[in-house]
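Could you build the full structure based on these sequences and the hints that come with them?
Spelled out, the chains give:
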Amino acid sequence: MKELQKIERFEIRLSGTGGQGLITLGRVLGHSLALGHGYNVTQTQSYGPEARGGSSRADVVISSSAISFPKTENLDLLVALSQPACNAYYRFLKRGGVLLVDSELVQHAPTNQFVGLPFTKLAKDKIGNELTLNTIVLGAVTHLLAFAEPRIVRKSLEETLPPKILALNIKAFNLGLREAKRHLGEAPEIWQTAAENGAEEDMEGFED
Amino acid sequence: MAHRRRRKRKELFAQGNEAVAQGALLAGCSFYAGYPITPSTEIMEIMAQRLPRIEDGVFLQMEDEIASMGAAIGASLTGRKAMTATSGPGFSLKQELIGYACMVEAPLVIVNVMRGGPSTGLPTSPAQGDVQMARWGTHGDHPIIVLSASTVPECLEMTVVAFNMAEKYRTPVILLIDEVTAHTREKITIPHEDELEVLSRMQPAVPPEWFKPYAEAARGVPAMAPIGQGYRCHVTGLTHDQMGYPTSRPDEVNEFMTRLFRKIDNYYHDVVLVDEYCLEDAQYAVVAYGCVARSARHAVDQARERGHKVGLLTLRTLFPFARPAVERLCMQCEHVLVPEMNMGQISREVKRVNNGRSRIRTLNRVDGQIITPSEILKAIL
Amino acid sequence: MSDVTKLIHEYLRHNKKFPHVFCAGCGHGIVLGSLVRSVHALQLPKDNVVIVAGIGCSGRMAVYVDFNTVHTAHGRALTFATGIKMANPELNVICVMGDGDALSIGGNHLIHAARRNIGVTALVLNNQIYGMTGGQCSPATPQGDMSMTSPYGSLEQPFDTVDLAKAAGANYVARSTSFHANQLDKLMQEAILHPGFSVLEALTPCPTQYGRKNKFRHVVDMYNWLKKNTVKVEKWKEGDSRIPTGVFQNLDRPGLEERYAELRQSLQPQE
Numbered sequence: 001m002k003e004l005q006k007i008e009r010f011e012i013r014l015s016g017t018g019g020q021g022l023i024t025l026g027r028v029l030g031h032s033l034a035l036g037h038g039y040n041v042t043q044t045q046s047y048g049p050e051a052r053g054g055s056s057r058a059d060v061v062i063s064s065s066a067i068s069f070p071k072t073e074n075l076d077l078l079v080a081l082s083q084p085a086c087n088a089y090y091r092f093l094k095r096g097g098v099l100l101v102d103s104e105l106v107q108h109a110p111t112n113q114f115v116g117l118p119f120t121k122l123a124k125d126k127i128g129n130e131l132t133l134n135t136i137v138l139g140a141v142t143h144l145l146a147f148a149e150p151r152i153v154r155k156s157l158e159e160t161l162p163p164k165i166l167a168l169n170i171k172a173f174n175l176g177l178r179e180a181k182r183h184l185g186e187a188p189e190i191w192q193t194a195a196e197n198g199a200e201e202d203m204e205g206f207e208d
Numbered sequence: 001m002a003h004r005r006r007r008k009r010k011e012l013f014a015q016g017n018e019a020v021a022q023g024a025l026l027a028g029c030s031f032y033a034g035y036p037i038t039p040s041t042e043i044m045e046i047m048a049q050r051l052p053r054i055e056d057g058v059f060l061q062m063e064d065e066i067a068s069m070g071a072a073i074g075a076s077l078t079g080r081k082a083m084t085a086t087s088g089p090g091f092s093l094k095q096e097l098i099g100y101a102c103m104v105e106a107p108l109v110i111v112n113v114m115r116g117g118p119s120t121g122l123p124t125s126p127a128q129g130d131v132q133m134a135r136w137g138t139h140g141d142h143p144i145i146v147l148s149a150s151t152v153p154e155c156l157e158m159t160v161v162a163f164n165m166a167e168k169y170r171t172p173v174i175l176l177i178d179e180v181t182a183h184t185r186e187k188i189t190i191p192h193e194d195e196l197e198v199l200s201r202m203q204p205a206v207p208p209e210w211f212k213p214y215a216e217a218a219r220g221v222p223a224m225a226p227i228g229q230g231y232r233c234h235v236t237g238l239t240h241d242q243m244g245y246p247t248s249r250p251d252e253v254n255e256f257m258t259r260l261f262r263k264i265d266n267y268y269h270d271v272v273l274v275d276e277y278c279l280e281d282a283q284y285a286v287v288a289y290g291c292v293a294r295s296a297r298h299a300v301d302q303a304r305e306r307g308h309k310v311g312l313l314t315l316r317t318l319f320p321f322a323r324p325a326v327e328r329l330c331m332q333c334e335h336v337l338v339p340e341m342n343m344g345q346i347s348r349e350v351k352r353v354n355n356g357r358s359r360i361r362t363l364n365r366v367d368g369q370i371i372t373p374s375e376i377l378k379a380i381l
Numbered sequence: 001m002s003d004v005t006k007l008i009h010e011y012l013r014h015n016k017k018f019p020h021v022f023c024a025g026c027g028h029g030i031v032l033g034s035l036v037r038s039v040h041a042l043q044l045p046k047d048n049v050v051i052v053a054g055i056g057c058s059g060r061m062a063v064y065v066d067f068n069t070v071h072t073a074h075g076r077a078l079t080f081a082t083g084i085k086m087a088n089p090e091l092n093v094i095c096v097m098g099d100g101d102a103l104s105i106g107g108n109h110l111i112h113a114a115r116r117n118i119g120v121t122a123l124v125l126n127n128q129i130y131g132m133t134g135g136q137c138s139p140a141t142p143q144g145d146m147s148m149t150s151p152y153g154s155l156e157q158p159f160d161t162v163d164l165a166k167a168a169g170a171n172y173v174a175r176s177t178s179f180h181a182n183q184l185d186k187l188m189q190e191a192i193l194h195p196g197f198s199v200l201e202a203l204t205p206c207p208t209q210y211g212r213k214n215k216f217r218h219v220v221d222m223y224n225w226l227k228k229n230t231v232k233v234e235k236w237k238e239g240d241s242r243i244p245t246g247v248f249q250n251l252d253r254p255g256l257e258e259r260y261a262e263l264r265q266s267l268q269p270q271e
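Protein chains in written order, with my numbering: chain V, 1 to 208; chain B, 1 to 381; chain G, 1 to 271.
The reader is advised that the hints may include incorrect statements.
[Claimed, not checked] Here are some of the chain G residues that sit facing chain B, going by a computed Cβ distance under 7 Å:
#1 Leu44
#2 Asp47
#3 Asn68
#4 Val70
#5 His71
#6 Arg76
#7 Thr79
#8 Gly83
#9 Met86
#10 Gln189
#11 Leu251
#12 Arg253
#13 Leu263
#14 Leu267
[Claimed, not checked] Taking lysine-lysine and the BS3-like style, the derived pairs with C-alpha atoms no more than 30 Å apart in a straight line are:
#15 Lys71(V) to Lys94(V)
#16 Lys187(B) to Lys155(V)
#17 Lys235(G) to Lys46(G)
#18 Lys124(V) to Lys164(V)
#19 Lys155(V) to Lys10(B)
#20 Lys16(G) to Lys212(B)
#21 Lys166(G) to Lys186(G)
#22 Lys212(B) to Lys6(G)
#23 Lys212(B) to Lys6(V)
#24 Lys8(B) to Lys6(V)
#25 Lys181(V) to Lys126(V)
If you're looking for bench data, these hints aren't it; they were derived computationally from the structure. As the structure is a prediction and not an experimental result, all values here were calculated from the model. Positions of the beta carbon are idealized from the N, C-alpha and C atoms, including for glycine.
Below is the structure:
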């Protein structure tokens, strides 16, 4: 097995509206990082009425060492698939963190430092099934996370999804991965840019 | 040992509730009766799926929380390892029969996934408001074992411990977890059967005509004859003599009551489980349990990074209270912080034990949110 | 030895400190006698018989008989019985409850036991009052009757155990009285043998609590009342104010434990 990339503590929030499949997305991502990759992972989520129709979220914390606090406090990656979710959670994104949005559904990002793909549109037009939205996002997130192996995530999809919908979802996953590569650039560069922007913001803050 | 080939263990990315169900099955639980209630329902759902598939496994959805307790005790009397799980309001309803189980010394595991209360409260939010209720909820003086778990792997582990203690001491055991622990997903590893200590209740060693069902056999714990195997015992919630028949003779009543307490006291050091973290040189200690213990551990790490000598005592057994461990802490540390998601239910135990030696501070939160590491850190520094 | 003495020796617990708790004239002993005679007639092994009792005068019946006996909490006997039967379907589980037990605090358990058709025999000893606590109004106390908690006469309409059990879907529903001992024996045996959930109501007089407050001067008056005011269901007609006795429901739905065994069989991995 390949040596694992060392991760200090990496926090992800997947947010949007109920029905976008965010909880499943969080579960598959967590499953893959914990069992497939071998990281320490905790995954939590919003519950109850909150999870139906209203805003919905799943959080994933990843680390090479044992995770004590299971929830998120400072996000490294915020995925926002709706405008209200983006507004509500942007403030938890830490300096140098990356914001990934659905570029059609989030028209007014609270910052100009973000990356976006039209996930919902891709699901509709390219896959022909809006329900595959979350798997396309999983592809894009896998691309963004330098420590995530597409091959292993794909295998986790096979382990967690019912066979009936597997082929379609593998297609969606590959699409997300491809689109992210084509439009967002290589992962290290994205994080590099974000870190530089974060540092600049720090400087600006200092001037106040 | 070193040469033995390591067999692959099954790994799951599972919620705390699922880990409880897995732990129960590993411990030999073959009977579940319950009633749906958030946030414990997943335990019931998994048992509904698994139990009919295992030999002799019985799953029952009962008409209410009380009925679930009754059915579980009934099954326990036939020799089964039985469990029920619930949350706040359901736990209130179960109280009378928890006392019955104490009285007839029926081994049984009751899981309570704590949510915000009182009453319907906050069904989907975490809290730790049922701690003193777990100890004192049923009427009448009685001993009881209350355990807790703070991580998903611990949920599995402590459920096995709960069954073992229930069987060994012939008593109901309450496992208190909270919504955060119940719904967090983490990796759990399913141990092989031979890696796990699984205990079962002691059976009579004498023929029926010589058997006294409530005479002590092992340091206060009587042997238990399952219904239907020729012993034809009487089981009653009335105070009973050694034969199990009702009595109000003061000498017999006193003998029974003192044995009930003694059987737990005798094993105090086996029953009380704590985790000590960075306590050797600590000048400041945090006492925590459940999900808050995770926040506390994070805060302790952060404080240590900044050069503060902080340690953590995590209570896995809430009752009987870990008096020796806390006493030692109070002697050693000037300050003890007790963060909990209630207005001070374990801190009152810590204060009772402290006896003025150390300064006990509390950090309370009752808004349905977990206490964060930064809040604890702020309280320490 | 007479037959009765033989039965006493065979089925009563000698090491239990007799005398029993029942008052003079109480009908509960007759029902207990009927239970013992029925178990004997059916030749059920004592080790396989489980008596699960609630709280109240009827609940005390369990301790005297040499079976597996469980004296549970008030109203909850059926829940324990359900757990015992599901955990070990080989056992003959007989649940003994009073009217307060079965119809009031445990009313929910009664209708749900009937709905899920668990293979338990429920004996409801209806004396129309809470006896052990000193004569308070029960859900079986007839409207207008006196008790410690209805000193001006009960305002509420009582439950009819038979109608309730029938409507809830019990497999077998019957009623008898402690006056009609032969009929009671016959129905008791049927109720025990019948698969699924059986309910047998036994009307039994409580001279101490109910009789005294409701103008029954002698115990015998209460037995006479039972004789006069009951009629076999076959002879009962609409409008008859007497209480019908006999068998009211006789279905053959499989018991829950049988259905569960089938489910478990169907889930076995195919060889």
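Task: Contradicted hints - numbers only - done: 1, 10, 11, 12, 17, 23
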